[in-house]
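Here is what each chain is made of, one letter per residue.
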Amino acid sequence: MTVTAEDRMTTMIDARKGGRLTPGRKSGSARTKARAAGILLAPALIVLFAVTVVPIFYGFYLSLTDYNPVERAAPTFHGLDGYIRVLGMPAFWSSIGITLTYALGTLAIAVPGSLALAMLVNGTFRGVKLFRTLLYLPRVVSLVAVSTIWLWIYSRDGLLNYVLDVIGLAPISFLTDENTALVSLIVMRAWKALGGSMIIFLAGLQAMPRDLYEAASIDGCGRWASFRHITLPLLVPITTYVVTVDLIYLAQSFSEIYVLTSGGPLGSTTVVNMLIYKEAFEYFRLGEASSMAFILFALIFALSLFSTRVLSRRGVHA
Amino acid sequence: MTASLSPLAPSTERSTPPQPTDQQPGARRRAPSHSGFSAGWSRTVIVGLVTALLMIPFMWMISIAFKGPTETYSYPPKLIPESPTWENFVQVWTVSNLSVGMVNSLIVAVLAVAGNCIGAVAAGYAFAKIDFRGSKLLFLLVLATAMVPAVVQLIPLFLLVQDVPLVGGNDVIGQGGTGLLNTHLGLALPLLIQPLNIYLARQYFLDMPDEIADAGRIDGASEFRIFWNLYLPLAKPIVATIAILSFTGAWEDFLWPLVSTSSSSMQTLPLVLSSFTSSGAVQYGPMMASAIVASLPVVVLFLLTQRHFVNGLSAGGVKG
Amino acid sequence: MTKRLAAAGLAVATALTLSACSTPAATSTDQESTHLTVWFPGNLASEIEWVNTTVVPEFEEANEGVTVDVEFVDWGDLSTRLSTAFAGGTAPDVFGHGNAAAAGFADAGRVLNLDDYVATLDPADVDDMVLLDHGKVDGSQYIVPLRGFGQLLAYRTDLLEEAGIDEAPTDWADLQAAADKLTVREGDQITRSGVIITADNPTSMSQAFGSALFQNDGDFLSEDGTEVTWDSPEAIEALDFLVGLYNGDDAVATGLNEPIAGSGAQHPLATGRAAMAFVDDATLKTIYEQAPEIAEKIAVAPPLEEEKQASFGGAGNGLFISADSKAPDAAWEFIEFLTSAEKAKEYVQVVGGIPARASLADDADLAAVPYIKPFADALPYFQGNPNVPAWTQLRDLLSVELEKALHGAVSPEEALTGSAKAGQELLSE
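Chains as they are written, first to last, in my numbering: chain Z, 1 to 318; chain B, 1001 to 1320; chain F, 2001 to 2429.
A portion of the hints provided could be inaccurate.
What the hints assert, rightly or not - Taking lysine-lysine pairs in the DSSO-like style, the calculated list, with each CA pair at most 27 Å apart, reads: (1) B:K1078 x Z:K33; (2) Z:K278 x F:K2404; (3) F:K2297 x B:K1078; (4) Z:K278 x F:K2297; (5) Z:K278 x F:K2136; (6) Z:K192 x B:K1136; (7) F:K2345 x F:K2373.
Rather than coming from a laboratory, the hints here were simulated on the basis of the structure.
Could you put together the complete structure from these sequences and hints?
As structure tokens, this is what we get:
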């Protein structure tokens, strides 16, 4: 472990050599890196800036006004009034709670479920391509059509109540009872989300280093142990992605809830986005709708940061 | 150039066991996590059962697509239609503009795939593998744009696209015409770069070892070459995934085409089919048939990209 | 490099933002040919076909130099499209919407006052177009209704016969008594409702409440539209009656929040889960389409009469002319063409609903249609929502509380007085 003088000499010579080839190596490298990053980022950032960032800032400005697209009058700036009004609505707070329950409940089923599916179809065996495609199908099919099918599955004379009837159980009012409606929505939505997350996990699993597993199996690690100590930690970045992305989508859910319960019964499935749509496109109060949307944005942002932190800590400890 | 990168070769290949090129179930050298299944069949049965269970709602969709209006929701439910009919598919097939909608959707989707596979992948790489000041913050901002509900952006985006200068009859300051509204490019604009795809690419590249880049840098390869020649070939599964995701995203996009198209010749598939899939409709058979028809191209694409997953397999062992 | 990029991006964005804030200039009009853009609400295949293959060609032939481009916009997307079109100044010349939207658009100056155009019609025609009055805001015509809709009591003749009831109910006591006889229970569960109201969602609950309210000679608002009156004693009595159908030991109904409108073969009347049901014409039409055999056993009763004979209904969808239209005269020609006796008849034959002309109530072809005739006959008794700009918000305030009351979570009086107070505040704003 001792570093000999000779070693130090060679290192210095190497460094000198390097220095001559690429002058000012340390800082120069930082500059080339920055330039490379600039070139690689430019196309994406320019487009994003023009078609997303600018509209968002304009939308933020509108959230500070009483903008109504139907009115001809220019929007009047009223500062935080819209936010104060929205935060004073009990219906808004209850919709926040429902949105959280819906999003987190769906995640709790869909994330482990899709990881399990991905592991099942990661490998080569008869029919694997067919299974992957079939499992991905729900992700591809129109959400409205899928919701309509589930509306029937859950209905009084639908598939589930038929099964309950056949096995001699009392019917359940899945969607029309305020105690079961949200759970029923979560189950449907998790089903829809499984395939999409599955292929993300699958892509992650495909990049797993095979030799690590081989080493683990030589060391006598069981399959659970290698899953726990190799797969899971290595999947942390992909899992973070899946959780964040699902969270972003789920927190903005609208159409499936509109089809299945329209936010009822007794408002038990009214998520924030339903209120936003109502404000924006039923009452045309776009200013207030934007205020709601930015509060929802803050919530999604905070949740994503939180889940990223939690997951990456898990990754380190695992 | 390639020769000077030769010291890298061992580090990428060293840990990669030779992969089976055929689909023989009995082929060895699969990841040991499946080694419990000696033959392909037992696994096929298990996965088949799980798939069948999850397919139940889907099977009913197909069933209803083949049922006439009087049989749609008969009780007790019957999976196999008593008098199966193609009528619903005929109705969807003969809807005016179906082919126009398909072509428009395809053009928009291809633009979206190209934009994301190039722009989003490159950006994701830069965020993951190149240290530069403000990288984390910039990335967070990009990610944050994906979290703002669409309602907020709809009208501002509409006004922006309407006022793009010098196109669609607009003058230099973007007045007088309709700008990029009702054009393919206008339809594709908000889909060209999806922040979540940048995110996905970043997560994937984060997972790849830094040693590749370090070795490349020592070898004097430019940052761009390191990305293009070293990392990108190993990132095929994620490029394929992003292709699928951006295609699907464009294929099912509804709100933006809804407000930004004003002629039937520019309508995308979801708009053309909205008379069947809309929430208010009661035409269950045609609705399910149209949902199936609309999803077919995505399924085809998924099947095509499966090849890259297999390719990805053989490049999968880079870490070690 | 990055700095330069950022600067360039900022410049582009600033230019875009600046131009986005100004309104686009008027589009040029061609003197010789007039082009009309028309948005129709809905997604009915038969309606789309009729408009595209009959209405437009015939109209274009009759009006040389006028071309019409019709687009169908699903009800759920209509407001979204209109709001971006209004914001961008690209609204179509003619657009369809529900009658309830008239007051809001008129108030914002987005739609033309049509009084002068209506004045050019033959007075006999105006008398015949019975729904026109429903499309007036503060006495002025803003929307021309294309058809009407309404809610009536439908019942299964076979089940009533089975229970020994030979006449359809005519008032609340009748209804209650018949429903008692018709209700089937298993333990404490109702397996067949005696009667159900439209209770898919809070909005339809407010319509069911409207029927009872009108029958009890109450109304949502005072005649001048400045005062909330849905907490009157008549209103509380009306809600009390509806709540009694679903709650307590003598409940005769179940299935609140079940989606039944437009459910066709799944409608409780068709499945036999309800013996009587308040339905609108469109719902009955889908039952006829999806369960034709059972539909033959369904009859429709005239509106109930408690204090007065009435039911919820009135003008359905109609057509507006955008205030920004460059060709309002041609737009009116189009509307007039669609409301002619001939086209008004074709329209309900294709779409269903109540014909917009009184003379059509006795038309032999329409009288033969079982889901049109009873509703057309009941037209004089239909009463609708008040035409005030804030109505959708007022209705939502009310219907949330109605839902709670129907579920037995609050008393009818609490529901109505509480929501009336909030509604009055909104109305006075």
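Within 27 Å, alpha carbon to alpha carbon, are K2297 (chain F) and K1078 (chain B)?
Judged against 27 Å, a Cα distance of about 25 Å means the pair holds.
For a C-alpha distance cap of 27 Å, please report whether K278 (chain Z) and K2404 (chain F) respect it.
holds, 20 Å
Would the pair K278 (chain Z) and K2297 (chain F) pass a check requiring their Cα atoms to be no farther apart than 27 Å?
Violated: K278 (chain Z) and K2297 (chain F) sit about 39 Å apart, past 27 Å.
Holds or violated: K2345 (chain F) with K2373 (chain F), Cα cutoff 27 Å?
holds, 12 Å
So if I understand the rule, the pair passes when the alpha-carbon distance is 27 Å or less; does K1078 (chain B) with K33 (chain Z) pass?
violated, 63 Å
Given the hint that K278 (chain Z) pairs with K2136 (chain F), does the C-alpha gap stay at or below 27 Å?
holds, 25 Å
Check the hint pairing K192 (chain Z) with K1136 (chain B) against an upper bound of 27 Å on the C-alpha distance.
The given pair, whose Cα atoms are some 32 Å apart, is violated under the 27 Å limit.
Violated hints, listed in ascending order, are 1, 4 and 6; each of the other numbered hints is respected by the structure.
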